[in-house]
Amino acid sequence: MTRCPRCGKKPVMANKRKLLRGHYNPVNRYRKYPNLQWANIDGKRIMICTSCIKTLGKIK
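Numbering of the sequence shown is given in the numbering used here, commencing with residue 42 and proceeding in unit increments.
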């Protein structure tokens, strides 16, 4: 379960770049995961991303 059910945020692929003799070289690709946390929403305990938790706090 690596997707936020509220906003649909999911993992994305990213590149690492290493500086070698003044030039940036692509080294390897890695996966960036959303910051999912457990939260109680309407009596249900679900995993949503922290940006959604932050916006839910503003709505209430």
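Be careful, since some hints might not be right.
[What the hints assert, rightly or not] In silico lysine-lysine, DSBU-like type, Cα no more than 35 Å apart, as pairs:
| hint | residue 1 | residue 2 |
| --- | --- | --- |
| 1 | 95 | 50 |
| 2 | 59 | 85 |
| 3 | 85 | 95 |
| 4 | 59 | 99 |
Derived from the structure by calculation, the hints contain no laboratory data.
None of these values were measured; they are calculated from a predicted model.
Taking the hints in turn, this is what the structure says about them:
Restraint check for residue 95 and residue 50: satisfied, since their Cα atoms lie roughly 15 Å apart, inside the 35 Å limit. Simply put, residue 59 and residue 85 have alpha-carbon atoms about 44 Å apart, too far for the 35 Å limit, and the pair is violated. With a CA separation close to 17 Å, the supplied pair residue 85 and residue 95 stays within the 35 Å bound. A threshold of 35 Å between alpha carbons decides the hint, and for residue 59 with residue 99 the separation of about 39 Å lies outside it, so the pair is violated.
In summary, the structure is inconsistent with hints 2, 4 from the numbered list given earlier, while agreeing with the others.
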